[in-house]
Amino acid sequence: MDQNVIKVGDFVIVQRQGYTKLHKLKAHGTLSLGSFTVELDNIVGEKYGATFQMKNFPGNRKLFTLEKVDEMPGITSINIEKSGLDNRNITDDGQSQNLTTEDISKLKSEELNSNSIVEKLINNSKTFNSKTEYSQEKYIKKKEKKYFEYVQIRRPTIRLLATMFYRQDPSKTLGIRIDDLSQILTYSNIQSQGTHLLYDSGTSGLLPAALLHQLGGGSPAHLIHLHPGNECQKSALVAMNFPPEQLNRCINVNLYSVLRCYYQQKETFDDPPASKKMKIEEGAVPKKPNWQMENERACQLLNKGVDSLIIASKEHPNALVSQLAQFLTGGRNLIVFNQSREPLQDLYLHLKEKLDFIHIKIVTNFMRNYQVLANRTHPEVNMTTGGYILTAFKLK
Amino acid sequence: MSFDDYKAVIDEGDTVILYLTISQIYSIRAEAKTLSKKGVEVENVFQTPYGALKCADLIGKPYGSKITLSKGWGYVMQPTPELWTQTLPHRTQIIYTPDISMIILQLEIAPGSIVVESGTGSGSLSHALIRAVKPTGHLYTFDFHKNRVELVREEFAQHGLSDYVTVSQRDVCSSGFGDELENKADSVFLDLPHPWQAIPHTLNVIKETGGRICSFSPCIEQVQKSCEVLSKLGFQEIQTMEVLQTSYSVQTRKLPVLDLDFLKSEKDGTETKGKEREVVKCVTAVPPASMPGHTGYLTFASLPPVWARSLQISLNQAQEDNSPDL
Numbered sequence: 001m002d003q004n005v006i007k008v009g010d011f012v013i014v015q016r017q018g019y020t021k022l023h024k025l026k027a028h029g030t031l032s033l034g035s036f037t038v039e040l041d042n043i044v045g046e047k048y049g050a051t052f053q054m055k056n057f058p059g060n061r062k063l064f065t066l067e068k069v070d071e072m073p074g075i076t077s078i079n080i081e082k083s084g085l086d087n088r089n090i091t092d093d094g095q096s097q098n099l100t101t102e103d104i105s106k107l108k109s110e111e112l113n114s115n116s117i118v119e120k121l122i123n124n125s126k127t128f129n130s131k132t133e134y135s136q137e138k139y140i141k142k143k144e145k146k147y148f149e150y151v152q153i154r155r156p157t158i159r160l161l162a163t164m165f166y167r168q169d170p171s172k173t174l175g176i177r178i179d180d181l182s183q184i185l186t187y188s189n190i191q192s193q194g195t196h197l198l199y200d201s202g203t204s205g206l207l208p209a210a211l212l213h214q215l216g217g218g219s220p221a222h223l224i225h226l227h228p229g230n231e232c233q234k235s236a237l238v239a240m241n242f243p244p245e246q247l248n249r250c251i252n253v254n255l256y257s258v259l260r261c262y263y264q265q266k267e268t269f270d271d272p273p274a275s276k277k278m279k280i281e282e283g284a285v286p287k288k289p290n291w292q293m294e295n296e297r298a299c300q301l302l303n304k305g306v307d308s309l310i311i312a313s314k315e316h317p318n319a320l321v322s323q324l325a326q327f328l329t330g331g332r333n334l335i336v337f338n339q340s341r342e343p344l345q346d347l348y349l350h351l352k353e354k355l356d357f358i359h360i361k362i363v364t365n366f367m368r369n370y371q372v373l374a375n376r377t378h379p380e381v382n383m384t385t386g387g388y389i390l391t392a393f394k395l396k
Numbered sequence: 001m002s003f004d005d006y007k008a009v010i011d012e013g014d015t016v017i018l019y020l021t022i023s024q025i026y027s028i029r030a031e032a033k034t035l036s037k038k039g040v041e042v043e044n045v046f047q048t049p050y051g052a053l054k055c056a057d058l059i060g061k062p063y064g065s066k067i068t069l070s071k072g073w074g075y076v077m078q079p080t081p082e083l084w085t086q087t088l089p090h091r092t093q094i095i096y097t098p099d100i101s102m103i104i105l106q107l108e109i110a111p112g113s114i115v116v117e118s119g120t121g122s123g124s125l126s127h128a129l130i131r132a133v134k135p136t137g138h139l140y141t142f143d144f145h146k147n148r149v150e151l152v153r154e155e156f157a158q159h160g161l162s163d164y165v166t167v168s169q170r171d172v173c174s175s176g177f178g179d180e181l182e183n184k185a186d187s188v189f190l191d192l193p194h195p196w197q198a199i200p201h202t203l204n205v206i207k208e209t210g211g212r213i214c215s216f217s218p219c220i221e222q223v224q225k226s227c228e229v230l231s232k233l234g235f236q237e238i239q240t241m242e243v244l245q246t247s248y249s250v251q252t253r254k255l256p257v258l259d260l261d262f263l264k265s266e267k268d269g270t271e272t273k274g275k276e277r278e279v280v281k282c283v284t285a286v287p288p289a290s291m292p293g294h295t296g297y298l299t300f301a302s303l304p305p306v307w308a309r310s311l312q313i314s315l316n317q318a319q320e321d322n323s324p325d326l
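Same order as they appear, the protein sequences are chains Z and A. For the first sequence, counting from 1, position 251 maps to 251 in my numbering; every step adds exactly one. For the second sequence, counting from 1, position 20 maps to 20 in my numbering; every step adds exactly one.
Hints in this document: simulated from the structure, not taken from any laboratory. Hints are supplied without guarantee of correctness; some may be wrong.
Said to hold, decoys possible - In silico PhoX-like links for lysine-lysine, alpha-carbon gap of 20 Å or less: (1) A:K71 to A:K54; (2) A:K61 to Z:K394; (3) A:K66 to Z:K394; (4) Z:K354 to A:K66; (5) Z:K304 to A:K54; (6) A:K7 to Z:K394; (7) Z:K146 to Z:K106; (8) A:K254 to Z:K396; (9) Z:K126 to Z:K141; (10) Z:K304 to Z:K288; (11) Z:K142 to Z:K108.
So that you can see chain A by itself, here it is in the shape it has in the complex (with noise of 0.2 Å):
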C-alpha cells in the first residue's frame, strides 16, 4: 500500500525499495509470510549479497533509514515508479523511465486526466500514469494477456492504487476500447505490434474536445505506417522522437606529470633521488563502456476538437496529394 501519497513508515504489506548499492536494488515486501514456489506459507526472508533480511523485522522503521544485515548494511526507500521500473519482475519488455517521462509531459497528463493505455504489459508506465493522474483522474489500462492482466491487477491492489486504474483483458486491435469509454480519454497510449490496427479505434475514445496520442515501436516500419494512418485520419503535429540516457559515473582520476626537464642537464646522480613523483588530480564524469542504444520510437500526435477535425483531414489530404507519387 506504499505507491500513493508520502508516507514516513514502513506498514505491514507495503513494498518496499531495499538499496545496497547503486546497482543492488531491489523490492521486497514488509510481511511475515510468504508463498513459498509451492504454494506453501513460509517466513518471508529476503537473502541479499550481505546476508539475509528477515521481511517482518521491516514494520515500523521509517523510510529513509539504514537497515543492518549481518555482513553489511541497506537502505530502505519508500518505492516510486521510478524505483518500481528499476526493481519489478519482467513479464515482458518494459518500457523505461526516460521513455516514460517524455511520454507524460507530451501526452500532456496532469491529476484529472482520463488515460488510456494498450498493452499494459508488466505496468512499468502503469505506475507512473497512475502517479500523474491521481486521485481525480483514471487509467484504463488494456492486455489482451489473461495471466499478465491478473499479475497487474493484483499488483495495483498490493500497492493501494486499486481506486485509480481498471485493467481488463481485451486486443483493442480487433475490438477497440469498449463503449463505454467513448469520448472518454484526454489521451492514449499505444505499445503494440501493429498500433495501425488500433489508432482507427483511437478516435472513439479521444474526448470531443479532443487529445493526444502516443505510439511507442521499436522498428522503423511499424512508425511508417502508424504515421501514415495518423495523418489520414487528421491527426496533426505528428512527431516522432528517440531519448536515450547516459548515466555518468563521477571518478577523481590521479595522473603522473612527467618531468623532462632533467634530460637538458648532464647527469649527476642527483635526479631521482628524493624526487616525489608529481601527481594531478582530476575530476571526470566516466558514461559506461556500453548502453543501451536504442530503446523504441515514440510517435506522437494531436487529436483536434470535433469542430476542427474535417478542416484537419482536407489539410492533411491536401499535403500528401502535393506530394509526388511514390
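Just chain Z, same shape as in the assembly (with noise of 0.2 Å):
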C-alpha cells in the first residue's frame, strides 16, 4: 500500500500554524485543535503533506469539517491604506477596538475566513491606521494566526516528535531538548549495527524511537530499552509507525525483570544450544509469559555485550552505570543524559576513580533560533535551555 497514502490507524501530526497535534486517526474521529472541534473523515485516503480547509459545520458552532485544498483562491493581500511613522499618539486603552468579543466569535461560527474577519478587526480598528507598517504587518499575522483556517496533515518524524513534546512541556522528554537529543544520537555512534542498550525513565517514547529510527529498517541491529514501571512509555514509539520487524527490534523490558532474570537464570543463555533444546522439550508445558520471553531475549544479547549504552533517568546515575557498565563492550562508549549538572558531576568523580573509563566530557548546549526578515533579523525574544550530556569511552 502508498505509504503516502493516509490510513485509518496511523499516527498523524495536524499542524495548524505553528501549533502541532499528535493524533491517531480513527474511523469517524474528532480532534479538538484548540477551541475548535475538526472531524477528520475528510482526510482518509488522502496524502501525506495535503492542506486542509477548516469549514463550518450548519447547525454546530464549534464543529468543523476538513475540506482538502488545492489551491488559494480566497487569498488576497489585505489593502492597507495608510501607516503613522511612530507609535506617540497609540494608547493601550482597550478602547480601540469596535467589535466585541462576542461580534468576533459570531464572524468565525458564520464563515472562519482568515483573510475576512482579519478585515473586519482592522476596519473596526481606531488605531491601526496609526500603527507603522511593521506593527501593522505584526497585527496581520498575530490575527491571522488565530483565524487561520488551514490545517496539514503530516507524517510523524523524530524531528517534528522531539519539537512538539518540548513544547508542550520539557518535563515530558524527561527535559531532553532537540540539540541535546541528536548529540545522545551522534556520541552514542549508533548505526545499523550492533546492539544498544537504553535505560529511560520516561521520555514518552521519545528516546528509543529515535535510537530505532538510526537502527533502520531491515537490519541486524538491536535495542534494549529497559524502563522502571510495568509498561514504557511508548507514544513516540507507536506514533513512528515503524514496520514490525523494526519495532520487534526494540526490546522492551522491566529493568528489575531483565537483571534478576539475567542473574538468576545465566546458565540457560550462556549456552545457547541447551536452550534450544529445552524448548522443544517444553512443548507440553504452558508457554512462557511474554514478558519472560523478552527478558530471555534481551538477556542472551547483554550476554554478548552491548556497543553503546545510554541512560537518560530521573534517577541518580552512578548506581545505573556501575549496574550496566558491565555490559558496555570495551572501546564503546557511555552516554548519560541529566536535567542538572551536579549528578554527572557525581558520575564524572565515581569514573575518574574506578578507571576503565575516558575521554570524560560533561557538555551541554547553548541554541537558539533567528526570525530572518529583510531588515529586522535577530535572534528570536524568547530561549529554552537544554540539558547535559556525560560522554565517556570504555577500556578493554
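Mind assembling these two chains? They're in different frames, but the hints should get you there.
Right under this line is the structure:
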C-alpha cells in the first residue's frame, strides 16, 4: 500500500500554523484543536503533506469539517491604506477595537476565513492606520494566526515529535531538547549494526524511537530498552508507524525483571544450544508469558555485550552506570543525559576513580533560533535551556 | 578499513585513534610502512610527547586497550565520525559535532536515506552522514576543488566506506547536481559561499515525495539571501538556528574557612596555637576560559511533496504580499 496515503489507524500530526498535535486516526473520529472540534473523515485516503480548509459545520458552532484545497483562491493581500511613523499617539486603553468578543465569535461561526475576519478587525480598529508598517504586519500575522482556517496533515518524524513534546512540556522528555537528542545519537555512535542498551525513565518513548530510527529497517541491529515501570512509555515509538520487523528489534523490558533474569538464570543463555533443546522439550508445558520471553531475549543479547549504553534517568546515574556498564563492550561509548549538572559531576568523579573509563566529558548547549526577515533579522525573543550530557569511552 | 561496523581488534591498514590525554588525541594508521614527504617508503613511526610509537605494533591489539610508550602510555580507540572530526587533517574550515548532530536530526537522515552534500571540504560531516545512511542509503558529495575531491575519496577508501559514498568534482552553483540524481534525494546539505545560487537546483534532486534541506553559513547576510530564495521557491518550515557547545571540567576545589569568632574575646595567645585551618571541599564544573562563540547559522527548510508544492508557493506569496514594502 502506498506509504504516502493517510489511512485509518495511522498516527498523524495535525499542524495549524506553528501548532502541532499528534493524533491516532480512527474511523469517524474528531480532534480538538484549540477551541475548534474538527471532523477528520475527509483526510482518509488523501496524501500526507496535503492542506485542508476548516469549514463550518451547519448547526454546530464549534464543529468543523475538513475540505482538501489544491489552491488558495481566497488569498488576497489585505489593503493597507495608511501607516503611521511611530507610536507616539497610540495608547493602550482597551478601546481601540469596536467589535465585541461576541461579534468576533459570531464572525468565526458564520465562516472561518482568516482573511475576511482580519479585514473586519482592521476596519473596526481605531488605531490600525496610525500603527507603523512593521507593527501593522505584526498585527495581521497575530490575528491571522488566531483565525487561520488551514491545517496540514504530516507524517510523524523524530524531528516533529521532539519539537512538539518539548513545546508542550519539557518534562515529557525528561528535559531532552532537540539538540540534546541529536548529540545523544551521535556520541553513542549508533548505526545500523550492533546491540544498544538504553535505560529511559520516561521520555514519552522519544529516546527509544529516535534510536530505533537510527538502527534502520531490515538491519541486524537491536535496541534493549530498559524501563522502571510495568509498561514503558510508548507515545513516540508507536507514533513513528515503524514496520513490525523494526519495532520487534526494540526489546522493551523492565529493569528489575531483566536483571533478575540475568543474574538468576544465567546458565540458560550462556549456552544457546541447550536452551534450544529446552524449548523443544517444553512443547507440552504452558507457554511462557511474553514478558519472560522478552527478558530472555534481552539477556542473550546482554550476555554478548552491547555497543553503546545510553542512560536518561530521573534516578541518580551512579548506581545505574555501576550496574549496567558491565554489559558495555570495551572500546565503546557511555552516554548519560541529565537535566541538571550535579548528578553528572558525581558520575564524573565516580568514573575517574574506577579507571576503566577515559575521555570523560560533560557538555551543555546554547541553542537559539533566529527571526530572519529583510531589515529585521535578530535572535528570537524567547529561548529555552537544555540539559547536560556526559560521554565516556570504556577501556578493554 | 575501521569506520564500518564495530570492531574488536586492530587490523593492518586500520585508522586508529591514539588517546593520550583529553586534549592530545591523534589519528594514525596501523601500517608498517608509510611514504615520507619526499615520497620514499619509510618505517611508519608516530612521535608522541611520551615517546615514539611503531604503528605496525598496533596490529592485533584490541580496541580500547592500553599501549605502552617509552615515557608513558596511551590508549587505542576505534575511530568514530566524532573522533575523526577531532583529529582529521584540515584542508578547509570544518563542521563540528554539535552542528553535525543537529544537521542529521533535522534532515531526518536514517539508514536508507539518499543524501546530497556540497561542498565536501575535509569530509568532517561526510563521515557522520555515511554512518547514518549505511548500508542501504548513499551519500553523493560534491566539491569544486579537484585536489580535495581526490584526497577525500582516498580517505573514504582507506576507511572502508567507498560503497556508501560517491565523490564528484562539480560546481553545483553553476551546473546543478546532474541528471542522474533527479528526484533521488531525501535531503540536501549546502555549505557554500553563495548557497542561494545552488538552492534552485535542489528542486530537481529532492524526491517527489518531498525532502529536507540545510544550508550552513557563517554570515547572517548569506542566511537572509538564502531564506528569501527558499521562501520564493515554496519551501516551508524555514528555520534558522545556532548551536554552541560548552564543555565543563569537573574540579574539586578546597576553600579555606575563616574563623573570626576569636576576635570577640581578648587576646590570650592561644588563638592560633594547635588549630588546623578548616577547609571546605567543593565539587564544581568549570567552563573553559574561552570557547567558540560562533560557528555558523544552520538554516533548515522542507520541500513539500509535489502534490502540495504549488499550494505552498501561493501561501508563501500571500504572506509576502501582506508584508509592507521594505
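Name the hints, by number, that the structure is in violation of. Hint check: 5, 8, 10 fail, others pass.
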